[in-house]
Amino acid sequence: MTVLAIKDLNVTFSTEGGQLHALKNVSFDVPERRIVGVVGESGCGKSTLINAILGLLADNGSIDAGSITFEGEDLTRLGPARMQELRGQRISTVFQDPMGALNPVLSVGRQMRNIQYRSGRSRSEKDARSEAMLRQVRIPDAQAALARYPHEFSGGMRQRVAIAMALMMKPALLIADEPTTALDATLEVATIELLRELQQDIACSVLFISHHLGVIAELCDDVVVMYAGEVVERGTTRQVFHTPRHPYARRLLECDPARQSGRTRHLPTIPGEIPDLRQRPPGCVFATRCDQRVDACDKVPPDVAVETGHVARCVLAEAR
Amino acid sequence: MSGILEIRDVEVTFEVGPLMRRRSILGVAGVSFDLHAGETFAIVGESGSGKTTLARAINGLQGISNGSIRFDEERIDTLGGRAMKPLRRRMSMMFQDPVGSLSPRMKVGNLIAEPFRIHGIVDKNPNVEVPRLLSLVGLTPEFADRYPHQLSGGQARRVGVARAIALNPALIIADEPTAGLDVSVQGEVLNLLNDLRERLGLAMIIITHNLHVVHHVADRMAVMYLGRFVEVGDTDEIFRAPRHPYTAALLSANPEPDPDKARDRIALPAEVPSLLARPAGCEFHSRCPWVAARCKSEAPEFVQSETRKVACHTPLEPGARPPAMEVTL
Ligand SMILES: Nc1ncnc2c1ncn2[C@@H]1O[C@H](COP(=O)(O)OP(=O)(O)OP(=O)(O)O)[C@@H](O)[C@H]1O
Ligand SMILES: Nc1ncnc2c1ncn2[C@@H]1O[C@H](COP(=O)(O)OP(=O)(O)OP(=O)(O)O)[C@@H](O)[C@H]1O
Ligand code: SF4
Ligand code: SF4
Ligand SMILES: [Mg+2]
Ligand SMILES: [Mg+2]
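Chains as they are written, first to last, in our numbering: chain A, -15 to 304; chain B, 328 to 656.
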């Protein structure tokens, strides 16, 4: 079963300098009970993708084509009221800065009660459920914690409170945008282990965005690699990390300082710049930086299924 | 060799809580270190351990309640804002939030020329300096006409670097200079800082959560916990054989980009103590897998042995594994 299916999604922003094509023919699925990671260059459209799913694109942005099917409904056709209903109940979010999701002037218990406003539970049932949820994310002394305010928790605890709130209503999909970047390595791994455990418990799917390739490798079942608004490669985490087939994905993985054997002062990079998204190149979007380009790259490359579930948008990718 | 920066017993106190129940906490609780010209020093440690507060104190943006800070042998913590201003030419700061620290209504060209204006430098022509600095950070002159929101995350960081080096500083303090960047752009920013360090003899303090980055770029590193340094030493040596239990746990947690890698981690309870209730004895004892009776009452000294400084009663031997204990992650 597929929880979220994105098909040929195209998003543009109107800017002074013309139409900026931020997402181009983006397609991928988030299957039931799987954690799907999204990686790619800063500015490749990860936040735009999330905002499109949540119906929260900036005023100058629009979905020009494609569909986002969530539990059978096409989100691109829903009105704001229905979208608001889905957000927080069926689709929930965790962001890098948990303070953005928490109201600083309400106690954590009050906020957790508010999330359950449609549950039909009594007040004491709601509080019991909140307390159980806090205990599940291992907040010590959960009952007393309900009375505390967000700033009274440390950064790592606050992020776990935000996760507890996001999973409170047992959503079908959790969208997490860099939820662990502000944490030290010990809390980062504790948080991703917790996420994995809760995901299995609640049986939800997760769309997980991160620049930290180590975290993606450890947590995610599948990976989507984006470049300049396109999905250039997708597959299982093993397929993409062990046998990347798109030159950009390969270079990205090679640039990880974690992969440099021996200490080096000079870190590898991918020379060149991302193209101006207002004037997309006619052929392959990576061509100006690709060290393997051939004449055929002047045309738009096809999505090649190199293996079951492993797809690369490159003329050199071939099925094996 | 004398240091460019000499930090001694620095403390920063904050007043927190509602008016009637004010309490003070130590955000930085007695930190000392030296930094030499051309050296890169990394500070790691968890969220809230006081890294940014320490950086702000060095830069004079945050008053200190104890200790001393010397820059080029001159005591600077006692200088007021006005006397500090000329020093900021020689010591610049890259802030944690790159876009937020750039004024949204100013174009990039003006943002880069701003340090010259602030410091009343009239013998430099902005029409020359701005393109020079842009090219130093790998941006074309056209970028001078863009606004911050028209930049990608990586471009905004480069503008931050250009501003930081505009006045030829002797020291750069970079707070999370690569957070939110992909690995390729991260590499570009770090290489750029490293080139400048080599060419201009810059000293650098880098604050980051990314341990892989620390390993590659820093000569020496410090590990911070609850406002104190618990281990300081040569980066390579610390990565090879961490001696403080928190350092060992941190390094063992570092996620590796291989889905099939076997992970051998030192698990820590996730409960970080509050600054309002610092644990007695060794402040790491509530999470330490090696905790002994003595640790709960007696604070360890910060002991120097050879090139390493460690605050632990029983520093770890290389490759030490934690004794069996019950942990809740
Ligand atoms: N409201 C907007 N108006 C115009 N352009 C926009 C707008 N929002 C985003 N863009 C552009 O769309 C592209 C994708 O931006 P997006 O924020 O989705 O990238 P991202 O992958 O989330 O980057 P990062 O990793 O830096 O967070 C960028 O070129 C960006 O400049
Ligand atoms: N102005 C302030 N008033 C009160 N407390 C403060 C203030 N600034 C910082 N603190 C507290 O001091 C401690 C250290 O904060 P600091 O921002 O220096 O941490 P950090 O190590 O930089 O964390 P991060 O990795 O999240 O950036 C924290 O507990 C923080 O809540
Ligand atoms: S299509 Fe051509 S230019 Fe594009 S990634 Fe493949 S080889 Fe490189
Ligand atoms: S002094 Fe004791 S509690 Fe503190 S780090 Fe060392 S072994 Fe652990
Ligand atoms: Mg983003
Ligand atoms: Mg900080």
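Bear in mind the hints are in silico, worked out from the structure with no lab data behind them. The C-beta atom is built at its ideal place from N, Cα and C for all residues, glycine as well. Treat the hints loosely; a few may be bogus.
Subject to a maximum C-alpha distance of 20 Å in a straight line, what follows is the list of computed EDC-like cross-link-like pairs (lysine to aspartate or glutamate) [what the hints assert, rightly or not]: (1) Lys588/B <-> Asp185/A; (2) Lys588/B <-> Asp48/A; (3) Lys154/A <-> Glu69/A; (4) Lys434/B <-> Asp260/A; (5) Lys636/B <-> Asp546/B; (6) Lys154/A <-> Glu177/A; (7) Lys(-9)/A <-> Glu238/A; (8) Lys154/A <-> Glu57/A; (9) Lys636/B <-> Glu333/B; (10) Lys588/B <-> Glu238/A; (11) Lys(-9)/A <-> Asp81/A; (12) Lys(-9)/A <-> Glu57/A; (13) Lys636/B <-> Glu338/B; (14) Lys283/A <-> Glu238/A; (15) Lys434/B <-> Glu0/A.
Just a sample of chain B residues kept apart from chain A, beta carbon distances all over 10 Å, derived [as the list claims (entries may be wrong)]: (16) Arg416; (17) Ala580; (18) Glu628.
If the Cβ cut is set under 10 Å, some of the chain B residues that face chain A in the computed set are [what the hints assert, rightly or not]: (19) Glu373; (20) Glu401; (21) Asp404; (22) Thr405; (23) Gly407; (24) Met411; (25) Gln482; (26) Asn495; (27) Glu503; (28) Ala506; (29) Glu515; (30) Ala576; (31) Leu578; (32) Gly608.
Hints and how they fare:
no.: 1; hint: Lys588/B <-> Asp185/A; result: violated, 25 Å
no.: 2; hint: Lys588/B <-> Asp48/A; result: violated, 42 Å
no.: 3; hint: Lys154/A <-> Glu69/A; result: holds, 14 Å
no.: 4; hint: Lys434/B <-> Asp260/A; result: holds, 19 Å
no.: 5; hint: Lys636/B <-> Asp546/B; result: holds, 15 Å
no.: 6; hint: Lys154/A <-> Glu177/A; result: holds, 18 Å
no.: 7; hint: Lys(-9)/A <-> Glu238/A; result: violated, 29 Å
no.: 8; hint: Lys154/A <-> Glu57/A; result: holds, 19 Å
no.: 9; hint: Lys636/B <-> Glu333/B; result: holds, 16 Å
no.: 10; hint: Lys588/B <-> Glu238/A; result: holds, 17 Å
no.: 11; hint: Lys(-9)/A <-> Asp81/A; result: violated, 30 Å
no.: 12; hint: Lys(-9)/A <-> Glu57/A; result: holds, 13 Å
no.: 13; hint: Lys636/B <-> Glu338/B; result: holds, 19 Å
no.: 14; hint: Lys283/A <-> Glu238/A; result: violated, 27 Å
no.: 15; hint: Lys434/B <-> Glu0/A; result: holds, 15 Å
no.: 16; hint: Arg416; result: holds, 27 Å
no.: 17; hint: Ala580; result: violated, 4 Å
no.: 18; hint: Glu628; result: holds, 24 Å
no.: 19; hint: Glu373; result: holds, 4 Å
no.: 20; hint: Glu401; result: violated, 31 Å
no.: 21; hint: Asp404; result: violated, 27 Å
no.: 22; hint: Thr405; result: violated, 32 Å
no.: 23; hint: Gly407; result: violated, 31 Å
no.: 24; hint: Met411; result: violated, 29 Å
no.: 25; hint: Gln482; result: holds, 8 Å
no.: 26; hint: Asn495; result: violated, 22 Å
no.: 27; hint: Glu503; result: holds, 9 Å
no.: 28; hint: Ala506; result: holds, 6 Å
no.: 29; hint: Glu515; result: holds, 5 Å
no.: 30; hint: Ala576; result: holds, 5 Å
no.: 31; hint: Leu578; result: holds, 8 Å
no.: 32; hint: Gly608; result: violated, 20 Å
Consistency with the previously given hints fails for numbers 1, 2, 7, 11, 14, 17, 20, 21, 22, 23, 24, 26, 32, ordered from lowest to highest.
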